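Protein chains in written order, with the working numbering: chain A, 1 to 264; chain B, 1 to 266.
Hints listed in this document are in silico derivations from the structure and should not be mistaken for laboratory results.
All values derive from a computational prediction rather than experimental measurement.
Any given hint might turn out to be false.
To be verified - Partial list, derived from the structure: chain B residues whose beta carbon lies under 7 Å from chain A:
1) Phe17
2) Met110
3) Ala247
4) Gly249
Claimed, not checked - Derived Cβ-Cβ restraints for the label pairs, each shown as a range:
5) Leu26/A <-> Phe86/B: 17 to 25 Å
6) Glu163/A <-> Leu176/B: 21 to 29 Å
7) Gly122/A <-> Leu44/B: 28 to 36 Å
8) Glu49/B <-> Gly91/A: 40 to 48 Å
9) Thr54/B <-> Gln128/A: 52 to 60 Å
10) Asn36/A <-> Ala31/B: 34 to 42 Å
11) Leu19/B <-> Ile11/A: 48 to 56 Å
12) Ala15/A <-> Val128/B: 53 to 61 Å
13) Thr131/B <-> Val245/A: 18 to 26 Å
14) Gly40/A <-> Thr131/B: 17 to 25 Å
15) Thr125/B <-> Ala15/A: 18 to 26 Å
16) Trp173/A <-> Leu19/B: 17 to 25 Å
17) Leu26/A <-> Ala3/B: 29 to 37 Å
18) Ala68/B <-> Asp55/A: 43 to 51 Å
Idealized CB from N, CA, C, for every residue including glycine.
The primary structure of each chain is shown beneath.
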Amino acid sequence: MGRRWTTWTGIGLTALLVLFLTLPVLLSIVAGLSVNYARGLSAGLTLTWVVQVWDLYADTILRSLIVAAATLVLTLLIGVPGAYALVRRGGRTARLVEEVVTLPVAIPGLALALGLIITYGGFGTFRQSTLFIAVGHVLFTLPFMLRAVMAVLETIDWRVLDEGAASLGAPAWRRFVDVILPNIREGILAGSLTVVTLSVGEFNLTWMTHTPTTKTLPVGLADAYASMRLEIASAYTLVFLVMIVPPLVGLQMVAGPRRERLGP
Amino acid sequence: MPARRFDLLLILPLAIFTLAFLILPLARLGATAAGGERGAMAFLAILTEPRYRTSLIATLLLALATTAATLTIATVAAQTLANRRFPGRGLLLALLTFPLAFPGVVVGFMVILLGGRLGLVGSVTKAVAGTNVVFAYSLIGLFLGYLYFSVPRVLLTLLAAAEKLDPALVEAARSLGAGPLAIQRDVVLPALFPALYTGGALCFATAMGAFGTAFTLATNVDVVPMLIYTEFTLATNAAMAAALSIALGVVTWLALVLARLRATGA
Numbered sequence: 001m002g003r004r005w006t007t008w009t010g011i012g013l014t015a016l017l018v019l020f021l022t023l024p025v026l027l028s029i030v031a032g033l034s035v036n037y038a039r040g041l042s043a044g045l046t047l048t049w050v051v052q053v054w055d056l057y058a059d060t061i062l063r064s065l066i067v068a069a070a071t072l073v074l075t076l077l078i079g080v081p082g083a084y085a086l087v088r089r090g091g092r093t094a095r096l097v098e099e100v101v102t103l104p105v106a107i108p109g110l111a112l113a114l115g116l117i118i119t120y121g122g123f124g125t126f127r128q129s130t131l132f133i134a135v136g137h138v139l140f141t142l143p144f145m146l147r148a149v150m151a152v153l154e155t156i157d158w159r160v161l162d163e164g165a166a167s168l169g170a171p172a173w174r175r176f177v178d179v180i181l182p183n184i185r186e187g188i189l190a191g192s193l194t195v196v197t198l199s200v201g202e203f204n205l206t207w208m209t210h211t212p213t214t215k216t217l218p219v220g221l222a223d224a225y226a227s228m229r230l231e232i233a234s235a236y237t238l239v240f241l242v243m244i245v246p247p248l249v250g251l252q253m254v255a256g257p258r259r260e261r262l263g264p
Numbered sequence: 001m002p003a004r005r006f007d008l009l010l011i012l013p014l015a016i017f018t019l020a021f022l023i024l025p026l027a028r029l030g031a032t033a034a035g036g037e038r039g040a041m042a043f044l045a046i047l048t049e050p051r052y053r054t055s056l057i058a059t060l061l062l063a064l065a066t067t068a069a070t071l072t073i074a075t076v077a078a079q080t081l082a083n084r085r086f087p088g089r090g091l092l093l094a095l096l097t098f099p100l101a102f103p104g105v106v107v108g109f110m111v112i113l114l115g116g117r118l119g120l121v122g123s124v125t126k127a128v129a130g131t132n133v134v135f136a137y138s139l140i141g142l143f144l145g146y147l148y149f150s151v152p153r154v155l156l157t158l159l160a161a162a163e164k165l166d167p168a169l170v171e172a173a174r175s176l177g178a179g180p181l182a183i184q185r186d187v188v189l190p191a192l193f194p195a196l197y198t199g200g201a202l203c204f205a206t207a208m209g210a211f212g213t214a215f216t217l218a219t220n221v222d223v224v225p226m227l228i229y230t231e232f233t234l235a236t237n238a239a240m241a242a243a244l245s246i247a248l249g250v251v252t253w254l255a256l257v258l259a260r261l262r263a264t265g266a
């Protein structure tokens with residue numbers, strides 16, 4: 001007996017889904033590298049647009065990298081000890097704290113940004129600095145670092161490790177640095193890669209928190225989509241795609257295909 | 001050092017950051033919303049004033065339609081991909097989840113590449129039928145954009161659930177004479193239900209709060225996030241923007257809380 005029609009419908013629909021999700025990415029790569037997209041590939045391939053993107057938007061690309069690095073450092077400093085503290089305490093209070101600190105996952109970025117601007121809009125230098133953007137990114141990515149680290153902490157026997165080291169006379173902070181941290185490095189790595197990917201692509205918050213002198217890559221992309229020819233917009237998108245592939249591949253390697261999802 | 005003091009030291013950076021950049025801003029947002037010329041009635045205005053109400057209804061409908069379509073497509077795709085091994089499967093799954101990392105603006109641009117003035121669909125229809133079909137800037141374009149960022153969000157969750165489903169159950173139902181729809185209704189969907197529930201809530205919350213896609217496509221449908229943005233920047237109506245933000249935040253947060261309560265059975 002041949003395959004049932006339902007099987008074929010399923011395969012057909014899945015194939016359509018693959019096309020729907022991947023074809024536009026392919027189109028944007030082609031458009032960013034072709035001399036004239038409207039005339040098709042016959043007009044030839046070029047790197048002119050990519051070079052032009054660099055001339056026009058190099059500052060946004062560099063700023064996105066700086067913001068991602070700053071966001072990563074801050075989420076590590078805040079998130080890793082915080083996650084350990086929450087797991088150590090446990091109980092209802094810890095759950096409540098966790099609920100509050102992971103709120104930014106559930107609240108739209110626009111609302112968070114509005115709150116930040118209303119609160120800190122008066123602090124001119126801070127408001128206009130790249131740090132202000134990084135703070136927004138930390139707010140949004142911190143829950144992902146916390147969850148990644150807490151997930152690993154819950155699979156290892158941190159209590160036994162900690163008490164073992166304590167019985168040897170190590171002080172609390174040394175036990176954390178020398179014993180706990182090495183044992184949760186996989187969670188820290190997964191959290192870090194997620195944070196970097198999300199930070200490089202963050203738009204909803206950044207569109208509100210940026211100033212003309214602190215534009216990031218996605219903000220520049222929105223500019224380019226509105227005012228530049230399709231080839232430049234595509235070449236710029238290509239730069240973005242190239243930037244997020246390394247952390248995403250890393251994430252696949254660390255966590256496998258069942259990785260914790262990014263977003264919302 | 002006593003354990004309690006060490007715990008406090010560990011949590012201190014998180015506590016300071018959360019107080020300064022989450023709790024205080026949210027409190028200020030609430031105060032701003034209630035401190036406008038309408039006072040706390042600003043929240044009521046979302047429902048009574050036609051412009052806000054229309055936007056809210058349109059956003060709710062768009063989010064619901066996106067959720068329904070996403071769950072349908074992802075359920076079919078998950079069953080097709082589950083328990084089927086073929087070369088390149090890992091790469092295919094990676095490609096299907098790659099758009100998760102795209103900001104909304106990039107998703108909007110992907111729709112433009114499909115259905116914009118120089119889009120793929122337009123050039124095909126132009127070659128075949130002589131008319132350049134452009135849909136990117138219409139409601140269809142907006143819907144496709146929402147679908148683009150929603151399906152990858154729920155696909156892996158549903159795939160994991162579909163792989164736990166025992167194929168023998170489906171086989172048994174089939175040999176007992178159940179048709180494909182009956183199998184879906186009585187065997188598959190009940191097994192996938194927890195995943196559908198959490199995935200659906202995540203999808204709905206994301207669609208409600210999405211901003212970048214609507215911003216890039218600049219459709220004349222004003223979704224609530226676009227309305228918040230225009231109220232704040234163009235109309236400089238901070239109070240109304242804050243009230244809308246809080247209402248939107250409460251809706252998305254509730255959707256996710258309900259999903260989690262249901263999923264954990266608490």
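Now for the hints, and whether the structure bears them out:
1. Phe17: For Phe17/B, the interface hint holds, since the closest Cβ of chain A sits about 5 Å away, which is under 7 Å.
2. Met110: Check passed: Cβ of Met110/B comes within 4 Å of chain A, closer than 7 Å.
3. Ala247: Violated: closest Cβ of chain A sits about 9 Å from Ala247/B, beyond 7 Å.
4. Gly249: holds (4 Å)
5. Leu26/A <-> Phe86/B: 17 to 25 Å: Holds - the Cβ-Cβ distance for Leu26/A and Phe86/B, about 21 Å, lies within 17 to 25 Å.
6. Glu163/A <-> Leu176/B: 21 to 29 Å: violated (57 Å)
7. Gly122/A <-> Leu44/B: 28 to 36 Å: Since Gly122/A and Leu44/B have Cβ atoms about 29 Å apart, the given range 28 to 36 Å holds.
8. Glu49/B <-> Gly91/A: 40 to 48 Å: holds (45 Å)
9. Thr54/B <-> Gln128/A: 52 to 60 Å: violated (36 Å)
10. Asn36/A <-> Ala31/B: 34 to 42 Å: Taking Cβ atoms as reference, Asn36/A and Ala31/B lie about 54 Å apart, which means the hint is violated.
11. Leu19/B <-> Ile11/A: 48 to 56 Å: holds (53 Å)
12. Ala15/A <-> Val128/B: 53 to 61 Å: violated (21 Å)
13. Thr131/B <-> Val245/A: 18 to 26 Å: For Thr131/B and Val245/A the Cβ distance comes to about 37 Å; the hint is violated.
14. Gly40/A <-> Thr131/B: 17 to 25 Å: The hinted range 17 to 25 Å holds for Gly40/A and Thr131/B, with Cβ atoms some 19 Å apart.
15. Thr125/B <-> Ala15/A: 18 to 26 Å: For Ala15/A against Thr125/B, whose Cβ atoms are near 21 Å apart, the range 18 to 26 Å holds.
16. Trp173/A <-> Leu19/B: 17 to 25 Å: holds (23 Å)
17. Leu26/A <-> Ala3/B: 29 to 37 Å: violated (56 Å)
18. Ala68/B <-> Asp55/A: 43 to 51 Å: holds (45 Å)
The structure is inconsistent with the numbered hints 3, 6, 9, 10, 12, 13, 17, although it conforms to all the rest.
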